[in-house]
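**Q** Sequence:
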Amino acid sequence: MYIPKRGFRKMPKVMKSVLLEAYQAKWWDEQTREGKLPPFSVWVREQVDKLMKRKGFSRPKGGW
Numbered sequence: 001m002y003i004p005k006r007g008f009r010k011m012p013k014v015m016k017s018v019l020l021e022a023y024q025a026k027w028w029d030e031q032t033r034e035g036k037l038p039p040f041s042v043w044v045r046e047q048v049d050k051l052m053k054r055k056g057f058s059r060p061k062g063g064w
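Quick note: the sequence shown, position 48, residue 48 per this note's numbering, numbers continuous.
For the record, the hints were derived by calculation from the structure and aren't laboratory data.
Here a beta-carbon is modelled for each residue, glycine too, at the ideal position from N, C-alpha and C.
Incorrect hints may have been included.
[Unchecked claim] Using C-beta positions, here's what the derived DEER-type ranges look like:
1) Pro12 to Glu34: 31 to 41 Å
2) Val18 to Glu46: 17 to 27 Å
3) Ala22 to Val48: 14 to 24 Å
4) Leu19 to Ser41: 18 to 28 Å
5) Gly35 to Lys13: 14 to 24 Å
6) Pro12 to Gly35: 29 to 39 Å
7) Glu30 to Gly56: 19 to 29 Å
8) Ala22 to Val42: 31 to 41 Å
9) Met52 to Ser17: 28 to 38 Å
10) Glu34 to Lys55: 15 to 25 Å
11) Trp27 to Gly56: 26 to 36 Å
[Said to hold, decoys possible] As a list, the in silico DSBU-like pairs of lysine-lysine whose alpha-carbon atoms are at most 35 Å apart:
12) Lys53 to Lys26
13) Lys55 to Lys13
14) Lys26 to Lys55
15) Lys36 to Lys53
16) Lys13 to Lys53
17) Lys26 to Lys36
18) Lys16 to Lys50
All chains should be modelled from the sequences, with the hints used to inform the complete structure.
**A** Encoded structure:
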């Protein structure tokens, strides 16, 4: 995954995250279409679950 380095460091954090998210979402959609990766939201949920388990939390029963 290519992320342009020039001018990237000087950007405000908010812009960085928005840019990265847009970039990743597009990249992710392509991967999903090829059947390589699960949809982005599903993947994020799995990552959060893993993190929470490691810290000893579990997801609220009602879901998010």
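**Q** Confirm or reject each hint.
**A** Verification of the supplied hints:
Separated by about 34 Å at the C-beta atoms, Pro12 and Glu34 satisfy the suggested range of 31 to 41 Å. At roughly 23 Å, the beta carbons of Val18 and Glu46 sit within the given window of 17 to 27 Å. In this structure the hint that Ala22 and Val48 lie 14 to 24 Å apart at CB holds, the actual value being about 20 Å. Evaluation of the 18 to 28 Å hint for Leu19 and Ser41 yields a pass: the beta carbon distance comes to about 19 Å.
At roughly 34 Å, the beta carbons of Gly35 and Lys13 sit outside the given window of 14 to 24 Å. At about 36 Å, the beta-carbon gap between Pro12 and Gly35 stays in the expected band of 29 to 39 Å. For the pair Glu30 and Gly56, the beta carbons lie near 36 Å from each other, so the given range of 19 to 29 Å is not met. Take Ala22 and Val42: their Cβ atoms lie about 19 Å apart, and the range 31 to 41 Å is violated.
Take Met52 and Ser17: their Cβ atoms lie about 21 Å apart, and the range 28 to 38 Å is violated. Separation of Glu34 from Lys55 is about 33 Å and departs from the stated range, judged on CB atoms against 15 to 25 Å. Between Trp27 and Gly56 the beta carbon distance is about 33 Å. The supplied range of 26 to 36 Å therefore holds. The straight-line distance between the Cα atoms of Lys53 and Lys26 is roughly 29 Å, inside the 35 Å bound, and the hint therefore holds.
Distance restraint check for Lys55 and Lys13: the Cα-Cα separation of roughly 26 Å lies within the 35 Å cut-off, and the hinted pair is therefore satisfied. A hinted pair counts as satisfied when its Cα atoms are at most 35 Å apart, and Lys26 with Lys55 qualifies at roughly 31 Å. Distance restraint check for Lys36 and Lys53: the Cα-Cα separation of roughly 25 Å lies within the 35 Å cut-off, and the hinted pair is therefore satisfied. About 28 Å separates the Cα atoms of Lys13 and Lys53, which keeps this hinted pair within 35 Å; it holds.
Distance check on the hinted pair: Lys26 and Lys36 sit about 14 Å apart at the alpha-carbon level, within 35 Å; holds. With a C-alpha separation of about 25 Å, the suggested pairing of Lys16 with Lys50 holds against the 35 Å cut-off.
In the structure shown, a violation is registered for the earlier hints numbered 5, 7, 8, 9 and 10, in ascending order.
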